[in-house]
Structure formats: structure tokens, C-alpha cells
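Protein chains: 2
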Amino acid sequence: VKYLITGISGFVGGHYLEYLALKRPGVKIVGIDLSRPDTSFLNKSFREKIKFHKGSLLDKKLITNVIKKTKPDYIINLASYSSVAYSWRHPAECFVNNTNIFLNLAEAVRNSKSKAKILSVGSSEEYGIVAPANIPLTEKSGLNPANPYAIARVAQENLSKIYSDGYRMPVICTRSFNHIGPRQKDIFVVSSFAKQIAEGKLLGRKKIICGNLGIIRDFIDVRDVVRSYDLLLRKGKPGEAYNVCSGEGHKLSEILAMLQKKAGTKLPVQIDRDLIRPVDNPEIVGSCKKLKRHVAFRKEYTLSRSLEDMLAHWEKRMR
Amino acid sequence: VKYLITGISGFVGGHYLEYLALKRPGVKIVGIDLSRPDTSFLNKSFREKIKFHKGSLLDKKLITNVIKKTKPDYIINLASYSSVAYSWRHPAECFVNNTNIFLNLAEAVRNSKSKAKILSVGSSEEYGIVAPANIPLTEKSGLNPANPYAIARVAQENLSKIYSDGYRMPVICTRSFNHIGPRQKDIFVVSSFAKQIAEGKLLGRKKIICGNLGIIRDFIDVRDVVRSYDLLLRKGKPGEAYNVCSGEGHKLSEILAMLQKKAGTKLPVQIDRDLIRPVDNPEIVGSCKKLKRHVAFRKEYTLSRSLEDMLAHWEKRMR
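Chains as they are written, first to last, in the working numbering: chain A, 365 to 683; chain X, 365 to 683.
It is possible that some hints are incorrect.
The list cannot tell twin chains apart, which means a pair is met if one copy fits it or any two copies do.
Capping the alpha-carbon separation at 25 Å, the derived lysine to aspartate or glutamate pairs in DMTMM-like fashion look like this [stated by the list, open to error]:
| # | residue 1 | residue 2 |
| --- | --- | --- |
| 1 | 424 | 457 |
| 2 | 425 | 457 |
| 3 | 477 | 457 |
| 4 | 432 | 457 |
| 5 | 479 | 457 |
Since the hints were made in silico from the structure, they are not lab data. This structure is a prediction, so every number in the text was calculated from the model and none was measured.
Okay, chain A solo, but in the shape it has when bound:
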């Protein structure tokens, strides 16, 4: 069995590799990304069998050649321009690049008559502005994308359905909610909290800088994310979209308090107005019933465990 993972060098890509090394050590892996992946956390024998192609998914020739040569069974498309903030500054570039990444991949598969199953990774951003009455969001909730990034994700999902229903290519879509987990960059809120608290404990930081602590989000551990992706690839229904989420909502203030308790800190909080988004949903929580029903997904990481691992990651880096 051969996997092709685009965007392999990112946060999710690294965890996908770790998952495969642990649970499916016999598979072959081909990766594409702009830079070489950090694989220091993998054992050497597994690390050595990853075949890496350096380049961009915007390069049609590259992706076509890779697919023709490697003949993958499964393709996980993690490559994207995924910053919402960037998409507001460069709407056309963000939209065009994200949809081109997907189209280049899908056309390469179609034109090479590959039978590969494709996981088209989307985002809870596709739901856009959400009425409180629609929480938890199910896959039948309306899509009202409210930024250029989210619009590209909706287009990608619509195109996926066309490739699946019209061209009979097995494409399975996700609407993935907020990720958490060790190694996540500190531009993401929970990882930023964990890092600041670790700094408070180990390096003498005196306060925590944060945005709006009142919003409620659905955080899912990246290790549950990659496991659900693998289940979806093997058992998901082509042409369908799946929420990938924990099904639980937590207020950011609650998460901050849990982290402080675990670290044994009592750092005061300072609100930075620049970290508050002009328009934001007070609550985003997904339903994972379809994921459970179709592919028998059960989450393995509790919020408590995820937060402990994130704290431990930052503390280890600081020691």
C-alpha cells in the first residue's frame, strides 16, 4: 500500500507519519512539500523509507509526474495556504492558490487514470457565520463562508463532489475543526497558551497575553485527526463530507485555567486588542456523529491529555 502525502512537512503531516510508523509500518510513503520534513521523532528504519519530492503543488508537471511514477493508493492533500488573516490581505492569491493546488492534484489523478482514493481536507471555516441555534454543526448545516480562505475550501469541496460523482474518482472530504497537540506552532491559540504558561513556569514570564477568552471552540487532538483521516480514506464514502471534530465545546478561559492548574502557575491575563478578530463566532462546535457512524471513529485523546502533552512539549523545548 502506497501513500502520497502533500504538505507532508507541516504539523498534521508529521503526525500522520508518526501514526503510520506506529500503526501501519509496512506502508510505502511519498511526500511533497516546499521544504524537507522534520522526521527526527521517527525511528530510523521508517524514516529512511519516506520518499520526498521538494516542490509546489502549483507545479502541475511535478504533481503529474509524481502520481504517474509512484501510483499511490491513497492521497492525503494537506498542502494549502491556510491562514485566514493572510487570505484577507491577499484574497485573490489565497483563493487561486488553494483551488489550484486541489485542481492540479485532481486533474493529475484523472489524467493518469489513477485509482487512488483522495482525502480532500477542508475546514470548519466553511460553515462561516453560524447561528447559535445551529450548534452543534452537522454536515447538513448550511455553508456560509465568510473569508476568502473559507470560500476556496467550499469550492474545493464542491469540486470534490464533481470529481467523485461526475468522473467516478473516490474523493472523500473533511471539514476539520480546530486542531491541538504537541509540536503545534504558537500562532494557534491553545499552543500559544501552553507555551506562555511553560515560560511562566520555567523562564519567569509574568503574564499571559491573549485575545477573547469568551469564545467556545471544538478542539480535536491532531493524533485523533490523522487517525480519523486514515479511517476515512479506507472506509469513508466517496463524494461525502465529514466533520472531523471532538463534538465538545470548550471556552478558551476554561482551557487556560486547565493549563495553569496542570503547570501549577497562576499567571495573570492581559487582553491584547490586536488578538481579537473583528467578526467572530461566539461558539463553534461540530457533531461527529457521521464520522462515528460511517467509519466507527472514537476519539482517543481527552482534552486533558492533549493539554498535558502540549505543556510537556514546550517544557522539553525550554529545558
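Take the given structure of chain A and dock chain X to it, following the hints.
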């Protein structure tokens, strides 16, 4: 007052020019298209004041320069790759070109800080596969685009909302239903009927070749279309989408019978299987209540009048 019309040389562009010549003869007009417009049906003085730029909307530099130089008050974006059949053969090209046309235009307006009002022309194809219970379609009906062309139109409408709500640019969207009217090409069903019947009457044609006569569609005269576009530009709400339709459903067999009666022919009908689409909606009818309520639109062309004018057009061409 200055108008910029992209895709000015097409069927709708020609009728827009005719409308302006008749109802708003004082305006200035700048047009862009791949080929020069046929303006033989306009009076000479009006014809001479149309400034034409030959080129593609895919050429960012061209459209940026035209907007900077001409400073239009109103922009009507008629340029598109609008064949559904072509979009199935070339999905990526159709999607990319249509969304790039719109983005190049919108970015040129944004970057030049133009205050132009933009009419973003969309399609009833955005509704996709429609449940009979949802007829007539209102602007609140769900969008389930079912071909690459329709997906690009949905993306364009979503992007229009972003430019309108996020960047405060006045963009008004249409979901335009099937057009009819004189000068329409005979690749469109009603014009094809009218042409074949005129051939029967004048050139001895013995039968009419057609597809599925049982489907019901909402046909609106192109002259009502362009008048509604002008009303929308002047009085429509930025960020909103409007059905542009007649609000009436007619079976194709009924339209064929009306045409034969008007022409005094009784040609037999032959079904061509190649003209029947693999997947098609039995009925597509829109509600034009929002268009009536927001911009006081009243349709001026009855179906009977449209069909007479189309027959007369083909008969004139044959004589």
C-alpha cells in the same frame, strides 16, 4: 456616467448597448472583449462613442489599466466561459478561467480604489439539482452546484459577498435564468426551435430535431434581463444576490407549439438522443419577488412577444 462592460460582444452585451442607446443615450461606454462587437443595429452617433478594448479578462494588466484610465461608475461583468458541456470536458480550465476573470476585475477595482458599482452576473445553474418542492426557487433556496461551471459561479458569488462586506465594494450579484430573444445563437434551445421553424416556413425544412420536450424552464427575454441589470446596478443592495427570471415556467413542448402556430407550420418532431442531458432537472422556475420588491422590476416582454421577435429575426436572416 460611465459604463464598463466586459464581454460586450456577446448576446447580452449587444442588447445592453441597445438598451443604453434607447434609454440612457447620454452615458459613456467602455467595452472589453476578445473580438470587436457587432454594433450594426445601433445608430451611428451612439455607435461611435463606444470605446473598445480588445483583450482577455485573464490579462490582469489590461483590466487594471482600463479601470485606472476610464474610472467607470458602473461595471457589468458579462465575460465568462459559460458552456456547461465545455466545463465537463475541461473542468479545471473552466473553473480557473471563470473565477480568475472575476478576481482580476475585482482586484483591479480594489487596488485602484475605484468606487465603481459592479454587477456580478451569475446563473440559475448555481441551484444545481433541485427538489420539486423547492420550486419556485427563491434566493434563500440552497445552492447545490452540479457541474464545474456552476461551482465557479457559486465561488464568484461568495467572493462577491467578501468584496462587498469585507472590502466595502458595492458588488451586486445575479442568478440569471435562461435567456431568450432575437440574435440568440441556435445552440440554445428556443432559438434553435425558432430557426428550424423559420427554415420550415421559408426553406422547405421537413422536421424539427430536438431533445427532451418535457422539461419546464423559466425563460426571460434578454431585453428584460438587461433592463433588470441596469435597475440592479442603480438600486440593488450591495452584497445581495437576485434571481433574474420571469417567474413563469413553460414546458418546451408548449413553446414549440406556440412557435409553430405563429409561423403557421406543422412540422413533425424528431427526438435526437444526443440532445438529451444525462442528468437534468425536470423543472426550473425562479421567483422574481425580490427583484420586484428591491428595484421595482416589471417584465415588459411576454413569452409570446419574445417568440415572435425570435421568429422574425431568423426569417429576416433567411430572406
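Going down the list of hints, with the structure as the test:
Taking identical chains as interchangeable, the C-alpha atoms of residue 424 and residue 457 lie at most 25 Å apart whether they share a chain (17 Å) or sit on different chains (13 Å). For the identical chains of this complex, residue 425 and residue 457 are neighbours both inside a copy (20 Å) and across copies (16 Å), given an alpha-carbon limit of 25 Å. When the C-alpha separation of residue 477 and residue 457 is checked against a cutoff of 25 Å, the pair qualifies only between copies, where the shortest distance is 19 Å, while the shortest distance within a copy is 30 Å. Taking the closest pair of Cα atoms, residue 432 and residue 457 come within 25 Å of each other only across two copies (21 Å); inside a single copy the shortest separation is 28 Å, beyond that limit.
Proximity of residue 479 to residue 457 under the C-alpha cut-off of 25 Å is restricted to the inter-copy arrangement: shortest distance 22 Å between copies versus 31 Å within a copy.
Hint compliance for this structure: every hint is met.
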